[in-house]
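For the protein sequence lines, the chains are A and B, in the order given. If you're matching positions, the first sequence starts at 1 in the working numbering and goes up one per residue. If you're matching positions, the second sequence starts at 1001 in the working numbering and goes up one per residue.
Mixed in with the good hints, there may be bad ones.
Unchecked claim - Label pairs and their in silico Cβ distance ranges:
(1) A:P26 - B:D1121: 48 to 56 Å
(2) B:L1109 - A:F30: 42 to 50 Å
(3) A:E57 - B:P1149: 45 to 53 Å
(4) B:R1028 - A:K19: 28 to 36 Å
(5) A:S50 - B:G1204: 31 to 39 Å
(6) B:R1176 - A:P63: 42 to 50 Å
(7) A:R23 - B:M1151: 27 to 35 Å
(8) A:S50 - B:L1106: 35 to 43 Å
(9) A:E57 - B:L1109: 45 to 53 Å
Unchecked claim - Here are the computed lysine-lysine pairs in the DSSO-like style, where the Cα-Cα straight-line distance is at most 27 Å:
(10) B:K1139 - A:K10
(11) B:K1139 - A:K19
(12) B:K1139 - B:K1022
(13) A:K58 - A:K10
(14) A:K58 - A:K2
Quick caveat, the hints were computed from the structure, so don't treat them as lab data. Quick reminder that beta carbons are idealized off the backbone N, C-alpha and C, glycines included.
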Amino acid sequence: MKVRVLIRPKEGILDPQGKAVERALPALGFDGVRDVRVGRLVELEADDSSHLAELCEKLLANPLIEEYEIQEIS
Amino acid sequence: MTFGVLQFPGSCDERDALAACKRVGDARMVWHEETSLEGIEAVVVPGGFSYGDYLRAGAIARFSPAMEAVREFAGEGGPVLGICNGFQVLCEAGLLPGALLPNEGLRFLCRQVDLEVISTDSAFTRGLEIGDCLSVPVKHMSGRFFAPPGMLDEMEAREQVVLRYAPGQNPNGSSRDIAGVTNEAGNVMGLMPHPEHAVDPLTGSDDGLKLFAAVARAAAHVT
């Protein structure tokens, strides 16, 4: 199965990367964009879904500072 | 007494750490594939970019064979000092509380900072005085110490916050100006500043040496 994992900084945690992108947008003429958050996307193929949450908790995300979302694509 | 300085692919401060250790004792490098810390009485996890810092700083290094040995060593009360990337590795490994996030200002920082000693109840600050000021350089991209407020309160109550940036000198947005923390037992410590780069007045300060000297004393007590 193909899996996509989305990893985001937890709500409430300052994301300076998102802030930098947000500040750059008006300079390019893109107004009206707010709350930019930059995360990570991991794509992988797995035999089954049994260990996906565990591998996210143990490696792909740091649960103290990040939240993750597992999307099974096919 | 003998220090072991871990060396991962991508470490870059291990030689300075080794030189600093040798000022207060014997020291040898420990390659990341080594599984035994036999004969080693204190471990330094040095700065750099272990395994390229892929995924998150320190996230991959924590699974190395040498880190398994360090986990065991720390569990038995052995003193472990994580500096910069080493601090990130120890947090990722769960040997220290909290996490290190990208600097508030997004810039790589390289400057001398003053650190205030908050607790002397650790293997690395024992013998110092509370309120002592240490002049030590920082150089990092992801040094913003973070822990949820409840965890910070508990850490402060247990005297796990051992070093803070002096008032007005927090360079990276760390929670409560925290520069260095320990585990509950006080034998594992991590800090973002680089004491191994401040061991000779020639380079501006030898305050960093005090932490290594304290580690040496602590190791002497263990054996």
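Now the hints, each set against the structure:
Between P26 of chain A and D1121 of chain B the beta carbon distance is about 50 Å. The supplied range of 48 to 56 Å therefore holds. Between L1109 of chain B and F30 of chain A, the C-beta spacing of about 30 Å breaks the proposed range 42 to 50 Å. A hinted range of 45 to 53 Å for the beta carbons of E57 of chain A and P1149 of chain B is inconsistent with their spacing of about 22 Å. The supplied range of 28 to 36 Å is broken by R1028 of chain B and K19 of chain A, whose beta-carbon atoms lie about 44 Å from each other.
Evaluation of the 31 to 39 Å hint for S50 of chain A and G1204 of chain B yields a failure: the beta carbon distance comes to about 55 Å. R1176 of chain B and P63 of chain A have their C-beta atoms about 21 Å apart, which leaves the hinted 42 to 50 Å range violated. For R23 of chain A and M1151 of chain B, the Cβ-Cβ distance of about 31 Å falls inside the hinted range of 27 to 35 Å, so the restraint holds. Hint check: S50 of chain A to L1106 of chain B, Cβ distance near 38 Å, so the stated range 35 to 43 Å holds.
Checking the proposed 45 to 53 Å range against E57 of chain A and L1109 of chain B shows it is violated: the Cβ atoms sit about 31 Å from each other. Annotation: proposed proximity of K1139 of chain B to K10 of chain A holds, straight-line Cα distance about 26 Å (limit 27 Å). Restraint check: the Cα-Cα separation between K1139 of chain B and K19 of chain A comes to about 22 Å, which is no more than 27 Å; the hinted pair holds. Between K1139 of chain B and K1022 of chain B the alpha-carbon distance is near 23 Å, which keeps this suggested pair within the 27 Å criterion.
Between the alpha carbons of K58 of chain A and K10 of chain A the distance comes to roughly 16 Å, so the proposed pair stays at or under 27 Å and holds. At most 27 Å may separate the alpha-carbon atoms for a hinted pair to count; K58 of chain A and K2 of chain A meet this at roughly 20 Å.
When held up to the earlier numbered hints, the structure conflicts with 2, 3, 4, 5, 6, 9 and fits the remainder.
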